[in-house]
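Trainee: If you want the building blocks of each chain, they are given just below.
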Amino acid sequence: MNLDKNLKNLILLIIRDLFLAAFVLLIVFTFLEIVKPKIILNYLNLDIFLLVVLILGIITILYYEPAEKAGQKLKFLDYSTICLFSILVGILCLYLTRAIGLLSILVGIVSAVICFNLILNSES
Amino acid sequence: MENNFLKILRAIIIFGACLIILFFLSQDFAWTGRLEFKTDFKSFTPFVSILKPQDLVEIKDLAYVKQAPVWVDVYLPRDFDKINLEFTYRNDFNYDIEVGPKLYEENNPLKPLENKDSQVNSALQNTQNGYKIKSIEFDLTAIPIRMGKLRFLISIPDLKDESKGIFIKELKVDLQRKAIWQENLRENIFNYFNYFKNEFR
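Same order as they appear, the protein sequences are chains P and L.
To convert a position in the first sequence, counted from 1, into this note's numbering, add 1310.
To convert a position in the second sequence, counted from 1, into this note's numbering, add 576.
The following block holds chain P by itself, in its conformation from the complex (with noise of 0.2 Å):
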């Protein structure tokens, strides 16, 4: 019965860690398709690895529970890992508002400074 459970957990886990992969797969494409549209599209139907992507999800978020690790602080690698996402999440804002000139900056920055904060604060 218990092994049962771990089992349950590691294939939980695997699913979670598949999907937070696939997830920043799907920004990662969404970024290259936007700076040169088709570079992904031409030899992968997005469509369908959305599909991936949201099923991975649905999964994680019905049956996963995290495990309680009360004040157990964040690594180096944490940190380096929510680093790199908010400036991809500043470089893609900073993209998409482009238009408006030299705004657009200001809003790339705004945007990983909330983002690391907002994923600081979910963290902890």
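Just so you know, these hints were derived from the structure itself, not from any lab.
Note that the coordinates shown come from a computational prediction; the quantities given were computed from them, not determined experimentally.
There's no promise every hint is true.
Computed spacing ranges between beta-carbons, pair by pair [to be verified]:
| # | chain 1 | residue 1 | chain 2 | residue 2 | range |
| --- | --- | --- | --- | --- | --- |
| 1 | P | Tyr1373 | L | Ile709 | 51 to 57 Å |
| 2 | L | Lys773 | P | Phe1386 | 36 to 42 Å |
| 3 | P | Asn1427 | L | Asp715 | 51 to 57 Å |
| 4 | L | Lys754 | P | Asn1427 | 43 to 49 Å |
| 5 | P | Phe1386 | L | Lys658 | 47 to 53 Å |
| 6 | L | Ile709 | P | Leu1406 | 45 to 51 Å |
| 7 | P | Thr1391 | L | Pro685 | 50 to 56 Å |
| 8 | L | Asn579 | P | Ile1419 | 42 to 48 Å |
| 9 | L | Pro685 | P | Gly1367 | 52 to 58 Å |
Here a beta-carbon is modelled for each residue, glycine too, at the ideal position from N, C-alpha and C.
Given chain P's structure and the hints, the job is docking chain L onto it.
Mentor: Using the frame of chain P, we list chain L on its own:
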């Protein structure tokens, strides 16, 4: 034990994700020096359009060209040196067929795909189930490419009767350039971005 397993698994997932991104980039960069694709003209594919104008073409089991000239757009993701077009078609009335880039309204540099006078032997060699397979090559270094797209004209001057057209089963496109091991990596990437800057901006 489980923690170690998860760490290894996460490393594999991150490595796999990086590999996936690299794979798609390498496709677009054509690092092997070749990019091949084919179409049956029944629908738009990522790299080849359908035959246009659409009212001169009927899509049955195969694409049926009832009037000419028709053209097809080929999309190039980066700079290439050569393009090879391989047509699989049925030309029951032995028309002369010419193919070439459509650069101007008239007098385009067309090359003969099929010629009544010289075709007999080569057509016999390249026939499969009644379909002729013929290819034609063009040097892309001298052809201007606009918006990453190259339009190829298929001219059949003798085709006058709509009921006596030609059937095109398939077009295979083979784009060629120097592979990454034949060219400096810096030069390769510079050429890619240079093409991107000139064609898509």
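Trainee: Decide, hint by hint, whether the structure agrees.
Mentor: Against the structure, the hints come out as follows:
The hint said 51 to 57 Å for the Cβ distance between Tyr1373(P) and Ile709(L), and at roughly 54 Å that hint holds. Roughly 38 Å separates the CB atoms of Lys773(L) and Phe1386(P), a value that falls within the hinted 36 to 42 Å. The beta-carbon spacing between Asn1427(P) and Asp715(L), approximately 56 Å, falls within the hinted interval of 51 to 57 Å. Range check, Lys754(L) to Asn1427(P): about 48 Å between beta-carbon atoms, so the 43 to 49 Å window is met.
At about 50 Å, the beta-carbon gap between Phe1386(P) and Lys658(L) stays in the expected band of 47 to 53 Å. At about 47 Å, the CB distance of Ile709(L) to Leu1406(P) agrees with the hint of 45 to 51 Å. Between Thr1391(P) and Pro685(L), the C-beta spacing of about 55 Å keeps the proposed range 50 to 56 Å intact. At roughly 37 Å, the beta carbons of Asn579(L) and Ile1419(P) sit outside the given window of 42 to 48 Å.
At roughly 53 Å, the beta-carbon separation of Pro685(L) and Gly1367(P) lies within the given 52 to 58 Å, and the hint holds.
Checked against the numbered hints given earlier, this structure breaks only hint 8.
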